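Undergrad: Add chain P to chain D, keeping to what the hints say.
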Amino acid sequence: MRRRRSQIDSLHDDPDQVRTGAMPKTILVLGATSAIAQAWMRLLAPSGASFFLVARNPAHLEAVIQDLATRGAAAVYAETADLDETEGHSVLLERAVAALGSLDCALIAHGVLGDQAAGEQDFSVAAASLQTNFLSAVSLVTWLANYFAAQYRGTLVVLSSVAGDRGRKSNYIYGSAKAGLNAFLAGVRNRVDREGVQVLTVRPGFVSTPMTAHVPQGPLFATPDAVAHDILKAMEHRRDVLYTPWFWRWIMTIIRAIPEWKFKKMDL
Amino acid sequence: MPSQSKQPVFESWGRYPKLDCRVEPLFWMDDYPRGTQLPPTVLAVGMGRSYGDVGLLEGGTMLSTQGLDRLLHFEPATGLLRCESGVTLDQILKFSVPRGWFLPVSPGTKYVSVGGAIANDVHGKNHHVAGSFGNHVPRFELVRSDGTRMVCSAEENAEMYRATIGGMGLTGLITWAEVRLRAIASRKIRYTGIKFHGIDEFLSISSSSRSECTMAWVDCISRGRNFARGIYMQGDHSEVTEPKKPSARPHLSVPFDFPSWALNRTSMRLFNEMYYRKQLRRQVTGLIDYEPFFYPLDSIQHWNRIYGKRGFLQFQCVIPWRYGRDGILAILQDIADSGLASFLSVLKVMGEIPSLGMMSFPQPGITLALDLAIQPAVTFPLFERLAEMTRELGGRLYPAKDACMTGHQFRSFYPQWGEFAAYRDPAFMSAFWERVTADA
Chain D
1 MRRRRSQIDS LHDDPDQVRT GAMPKTILVL GATSAIAQAW MRLLAPSGAS FFLVARNPAH
61 LEAVIQDLAT RGAAAVYAET ADLDETEGHS VLLERAVAAL GSLDCALIAH GVLGDQAAGE
121 QDFSVAAASL QTNFLSAVSL VTWLANYFAA QYRGTLVVLS SVAGDRGRKS NYIYGSAKAG
181 LNAFLAGVRN RVDREGVQVL TVRPGFVSTP MTAHVPQGPL FATPDAVAHD ILKAMEHRRD
241 VLYTPWFWRW IMTIIRAIPE WKFKKMDL
Chain P
269 MPSQSKQPVF ESWGRYPKLD CRVEPLFWMD DYPRGTQLPP TVLAVGMGRS YGDVGLLEGG
329 TMLSTQGLDR LLHFEPATGL LRCESGVTLD QILKFSVPRG WFLPVSPGTK YVSVGGAIAN
389 DVHGKNHHVA GSFGNHVPRF ELVRSDGTRM VCSAEENAEM YRATIGGMGL TGLITWAEVR
449 LRAIASRKIR YTGIKFHGID EFLSISSSSR SECTMAWVDC ISRGRNFARG IYMQGDHSEV
509 TEPKKPSARP HLSVPFDFPS WALNRTSMRL FNEMYYRKQL RRQVTGLIDY EPFFYPLDSI
569 QHWNRIYGKR GFLQFQCVIP WRYGRDGILA ILQDIADSGL ASFLSVLKVM GEIPSLGMMS
629 FPQPGITLAL DLAIQPAVTF PLFERLAEMT RELGGRLYPA KDACMTGHQF RSFYPQWGEF
689 AAYRDPAFMS AFWERVTADA
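Line by line, the protein sequences give chains D and P.
In terms of the working numbering, the first sequence is residues 1 to 268.
In terms of the working numbering, the second sequence is residues 269 to 708.
So here's chain D without its partners, still in its complex pose (with noise of 0.2 Å):
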């Protein structure tokens, strides 16, 4: 017998995830000291989610562990990797999915703003940028969304960045990389939707993290924890795309229409 339905009609059979607010249980976290990611976390902590996390930096990891288990979640599992290893992503996947039993929902969060003058330069800072933004996500997003496709639900959220909606010459080099990534994103999502597997694009604009920490914060700049909050909704409302906070959808579209012969001549 064929089970495919959608993962909003398999949640009715289970009286308890309609009363969470049809929250996920077990949660897979690639990048999981990124602050977007915490913020996120946090808030799905207290409903007695599990986290398998990954990240690069075992102190860091200690400390963000000890968050979500203090605030409530039931099992929380983790391991350093680097991820721009892409070699060892398959294994990795599969370690999270034993730890975790099964998994309803991937973040993939890490990401690095990188030095868009050095890489201006030299090829290989550029190259390392797009290792981590755009070619290391493409690996965990094929794992993953053959793996959510195979169980017929599953939520994969991916943070991409205002940034790819147009390259600027102060940052196209991570611009072009989130750009790839939306692209990749937007076919993947077009293949498995119909296997009722939910692929998010989250494009924050500026937001006060440890990643934008040394540019002057204006009034554009939202917390990581309004950005979370707006995730968990795009969630439950299985949204594509999504700007947060919600004026960005706005500014890019303004962005966008510019013309090319006159965005050219412009310092953004």
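By construction, these hints were calculated from the structure, which means they are not laboratory data.
As the structure is a prediction and not an experimental result, all values here were calculated from the model.
Virtual Cβ for every residue (Gly too), placed ideally from N, Cα, C.
Hints should not be assumed to be uniformly reliable.
[What the hints assert, rightly or not] DEER-style ranges, computed between Cβ atoms: (1) Met418/P / Ala75/D: 42 to 52 Å; (2) Pro308/P / Pro58/D: 27 to 37 Å; (3) Thr253/D / Tyr543/P: 30 to 40 Å; (4) Thr223/D / Arg533/P: 34 to 44 Å.
TA: Same frame as chain D, now just chain P:
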């Protein structure tokens, strides 16, 4: 008054003095000290709710601990919480109240960090039965500028433990701390409000009160018949078990600086009159939520903007019992004559439980706290007089709220300052400490 050409990036809650402070955020407990790129002087800052300059540093780097906001461990059997130092009391309450636990001691705002609460050894409405915040912090970690990380408690590094509680952030960076919470059955407070006229009535109500939390609002503006009238507020955590939901977010905010003429003698008199008359009967009792009882001003974000760009001074003294009644009376008289006092002036009896900190403010006696709008020609001389009276009466002022006391006054309020100075980390400095030790 010279106009402020440059908007400072970081202001203390009183918005005076205006100093050029550079802030660097910390996100992890191992972020400091990091390499050698940091300038030599630093000061940790949490929520910036100190009023004057105890939480400011010019020409160095202030290390913002707001990113150190993780809870590290909680023992549901004993209520012992371990958390990073940037966790705010608000974040603790959101976590602990639904689980049946409350802060052991809370100041008048919940928007302060645990690190700040330790560094200023804050006190609250239950000082007479619970002591100050440090009495409920059995352990914390202190990181020194040379990279030494030391766990401090009454047993380990006991001297550094005593120096750091109430140590104004000068002994190093607190990275995590343990706080012993107290069990509650409900969010509700059994509240009683009693109107009083004059200091004697206040003292007699105080001495007969058996409540865990007590304080009094006092009208510091009316003279004559209404001099030193007020409302004595007492409350106890309700013992009737009920579901404990977390609090909602505040939705009122002061969106801009009020013009300086908005606060004047008439508007202040009106406010105080209304506040006194809001309670109709001499005594009211009821069950109220803990939020309006503990944090009446937290429901209005940025309330400090009411004082305009110039900011305000906060005056808080404690006068020991020996001169308590007459001393407070004299101070209140001077303040009422000046007409400068504003909204919420607070009187409280402080208890006998000794603070653990070497430099802690609380001591047995009567404490008075109030805001003074800044009118340069009047406010500073008044403050100077009040500080001098406090000194003569054997009392002391509270560094966390101060922007004006002189070095001489500070050193007579806290004669142990020299002993404390030995524990200061050579790289940690504040505008306050520079100010009060410059002429030593």
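Undergrad: Quick one: are Thr223/D and Arg533/P within 34 to 44 Å, going by C-beta?
TA: holds, 41 Å
Undergrad: Measuring from beta carbon to beta carbon, are Thr253/D and Tyr543/P in 30 to 40 Å?
TA: violated, 50 Å
Undergrad: Against the range 27 to 37 Å, how does the distance between the Cβ atoms of Pro308/P and Pro58/D compare: consistent or not?
TA: Taking Cβ atoms as reference, Pro308/P and Pro58/D lie about 30 Å apart, which means the hint holds.
Undergrad: Quick check on a hinted range of 42 to 52 Å for Met418/P and Ala75/D, using CB atoms only.
TA: Given a distance of about 33 Å, which is not inside 42 to 52 Å, the answer is violated.
Of the numbered hints listed earlier, those contradicted by the structure are 1 and 3.
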